[in-house]
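Novice: Okay, here's what each chain looks like letter by letter:
2 protein chains.
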Amino acid sequence: MKTKPNVLVSNDDGIEAPGLARLVEELETFANVYVSAPYRQQSAVGHSITIFYPLRVYEHYKNGKLFGMAVEGTPADAVKIGVMNFFKDVKFDLVISGINHGTNTAINIIYSGTVSAATEGTLLGIPSIAISLATYSKVDFKTASKVAGKIVRKILEDEDLKIHKGTLLNINIPNAEENEIKGVKITKQGKSYWEDDFEIRSDPNGRDYFWLTGRMVITDETNDFDIIAVSDNYVSITPLHYDLTDYHSYEEIKNWKIEL
Amino acid sequence: MKTKPNVLVSNDDGIEAPGLARLVEELETFANVYVSAPYRQQSAVGHSITIFYPLRVYEHYKNGKLFGMAVEGTPADAVKIGVMNFFKDVKFDLVISGINHGTNTAINIIYSGTVSAATEGTLLGIPSIAISLATYSKVDFKTASKVAGKIVRKILEDEDLKIHKGTLLNINIPNAEENEIKGVKITKQGKSYWEDDFEIRSDPNGRDYFWLTGRMVITDETNDFDIIAVSDNYVSITPLHYDLTDYHSYEEIKNWKIEL
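In the order they appear, the protein sequences are chains A and B.
The opening position of the first sequence corresponds to residue 1 in this note's numbering, with each subsequent residue numbered one higher.
The opening position of the second sequence corresponds to residue 1 in this note's numbering, with each subsequent residue numbered one higher.
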């Protein structure tokens, strides 16, 4: 790298999340880092954008220093307005969303605000990466941010590692010590899914309300799939895109005859 | 059809939307129809689900008769709780989301609550269809619901038209008279995209707020793509899935060497 690369960082856990703070610290050792992130926790928002309401934005300070821009909106909103307005004179080399507190593999990807922020970066024509740490326990993100930093730096510096236009990388880091991590594995999105349930509770006035619960059903078997690779202590990198066409079905049904 | 099929109807425009009402009327001529839809307008929510908050639900009456269940949540929430709780003893033959007021083609699909409701149906193992009317003008949905009814009935009755497990159909109906509609075309998701902008306004206290605006850039050329087919007065049917893996990139990058 001749000059420092420019990186926009966002997330879905909100601008005060420790996973974002640690990632920014790590990236600042080799990049110019700009932050535009949701004001509040936004998990499971999927790829939402705010069109019916205006967006309010705030400068966010940390230890008396401007840390970044906080957006009262979704992860996709934060990336869009960051690139197009707050930092519109910056030529970004990368958008990074993370580090998310929790796994984003298999079916969870379609609900993921973290992946959504990276998707938005890709839509804006910037190579983009979503990064998640595969645990819901309280963690300090130190190892994860170190690992993330190494991978990001390699991708920025190595001419052979180019992210295809229209593709984003979804990275999941196992919650393990550095010496326990077996390496990096390029994977596919797993087919594992949720078996959902709703818990019915009563409020203090005796009215019912519902709470979503569920358990993940693991149907994937090899570490060619994200969910298995990460549980097997590999860093999983999955190339994703936003062309949802089911080409296999397309070939099957393209000659359907439906008269109106 | 020996017995009447069971159909769950949802949407993202909310339970009071005329597009849903017309669709239900039409489907009731040949199916048992159950409604579980968001309480409020939910457009551009993407594939969100509510996990941090409880869901409140209400019986929704119309002309003194129970019309369906209203869910204070997203389209995906409404389908999930409809299938798993409200109507858990019903064996559904189809989930239909719509009729959405506005096009759901090309890149818009990834922001679409309408498509999200159908995705949720597919995840629950039920063949699912999203239906949109390609206009933002005030319309009565009469022609669109008639056309939708014909297609749905054909798919339910014709043994040769099976929806592949894991696939959903995204249908866009042109806003045209019945005799102007040229027919049905099986399509792929277009590559057309938004060129976004943010309008900056001032509130009465002089504080700035931002509003997302933009224009669609049409890059697709043939009516093999949803966006062109529907503007060419075809009913567009696109098979979608939720495997976001970019298999083309996967093959390209699967041998990346990244040392940690």
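Simulated from the structure, these hints should not be mistaken for laboratory data.
Hints should not be assumed to be uniformly reliable.
A pair counts as met if it fits within one copy or between any two copies, since identical chains are not told apart.
[As the list claims (entries may be wrong)] Calculated cross-link-like contacts (lysine-lysine; reagent style DSSO-like; alpha-carbon spacing at most 30 angstroms):
#	residue 1	residue 2
1	Lys-62	Lys-88
2	Lys-254	Lys-165
3	Lys-142	Lys-62
4	Lys-191	Lys-4
5	Lys-62	Lys-182
6	Lys-65	Lys-191
7	Lys-257	Lys-182
8	Lys-138	Lys-88
9	Lys-162	Lys-65
10	Lys-191	Lys-150
11	Lys-138	Lys-154
12	Lys-165	Lys-257
13	Lys-257	Lys-146
14	Lys-154	Lys-257
15	Lys-88	Lys-191
16	Lys-91	Lys-65
17	Lys-254	Lys-150
18	Lys-142	Lys-257
19	Lys-162	Lys-254
20	Lys-165	Lys-62
21	Lys-182	Lys-254
22	Lys-4	Lys-257
23	Lys-182	Lys-91
24	Lys-254	Lys-91
25	Lys-138	Lys-4
26	Lys-150	Lys-138
27	Lys-62	Lys-191
28	Lys-191	Lys-162
29	Lys-254	Lys-142
Novice: Please go over all the hints and tell whether each is borne out by the structure.
Specialist: These are the hints, each one checked on the structure:
1. Lys-62 to Lys-88: The answer is within: 23 angstroms in one copy meets 30 angstroms, while 50 angstroms across copies does not.
2. Lys-254 to Lys-165: For Lys-254 and Lys-165, both the intra-copy (28 angstroms) and inter-copy (17 angstroms) Cα distances are at most 30 angstroms.
3. Lys-142 to Lys-62: within (19 angstroms within a copy, 56 angstroms between copies)
4. Lys-191 to Lys-4: neither (39 angstroms within a copy, 32 angstroms between copies)
5. Lys-62 to Lys-182: neither (35 angstroms within a copy, 60 angstroms between copies)
6. Lys-65 to Lys-191: neither (44 angstroms within a copy, 41 angstroms between copies)
7. Lys-257 to Lys-182: Result: close only across copies, 13 angstroms inter versus 52 angstroms intra.
8. Lys-138 to Lys-88: neither (36 angstroms within a copy, 37 angstroms between copies)
9. Lys-162 to Lys-65: Neither: 34 angstroms inside a copy, 59 angstroms across copies.
10. Lys-191 to Lys-150: within (29 angstroms within a copy, 33 angstroms between copies)
11. Lys-138 to Lys-154: within (28 angstroms within a copy, 53 angstroms between copies)
12. Lys-165 to Lys-257: Between. Shortest inter-copy distance 20 angstroms satisfies the 30 angstroms Cα cut-off; intra-copy 36 angstroms does not.
13. Lys-257 to Lys-146: between (56 angstroms within a copy, 18 angstroms between copies)
14. Lys-154 to Lys-257: between (51 angstroms within a copy, 10 angstroms between copies)
15. Lys-88 to Lys-191: Answer is between: at 24 angstroms across copies they meet the 30 angstroms cutoff, but 39 angstroms inside does not.
16. Lys-91 to Lys-65: within (23 angstroms within a copy, 58 angstroms between copies)
17. Lys-254 to Lys-150: between (45 angstroms within a copy, 18 angstroms between copies)
18. Lys-142 to Lys-257: This pair counts as between: shortest inter-copy Cα distance 23 angstroms, intra-copy 58 angstroms.
19. Lys-162 to Lys-254: between (34 angstroms within a copy, 12 angstroms between copies)
20. Lys-165 to Lys-62: For Lys-165 and Lys-62, neither the intra-copy (35 angstroms) nor the inter-copy (50 angstroms) Cα distance is at most 30 angstroms.
21. Lys-182 to Lys-254: between (44 angstroms within a copy, 16 angstroms between copies)
22. Lys-4 to Lys-257: Between copies, since 23 angstroms is at most 30 angstroms while 57 angstroms is not.
23. Lys-182 to Lys-91: neither (35 angstroms within a copy, 46 angstroms between copies)
24. Lys-254 to Lys-91: For Lys-254 and Lys-91, only the inter-copy Cα distance (28 angstroms) is at most 30 angstroms; the intra-copy one is 42 angstroms.
25. Lys-138 to Lys-4: Classified as neither: same-chain Cα gap 33 angstroms, cross-chain 52 angstroms, threshold 30 angstroms.
26. Lys-150 to Lys-138: within (23 angstroms within a copy, 54 angstroms between copies)
27. Lys-62 to Lys-191: neither (41 angstroms within a copy, 41 angstroms between copies)
28. Lys-191 to Lys-162: both (27 angstroms within a copy, 21 angstroms between copies)
29. Lys-254 to Lys-142: between (51 angstroms within a copy, 27 angstroms between copies)
Violation of the numbered hints given earlier is confined to hints 4, 5, 6, 8, 9, 20, 23, 25, 27; the remaining hints are satisfied by the structure.
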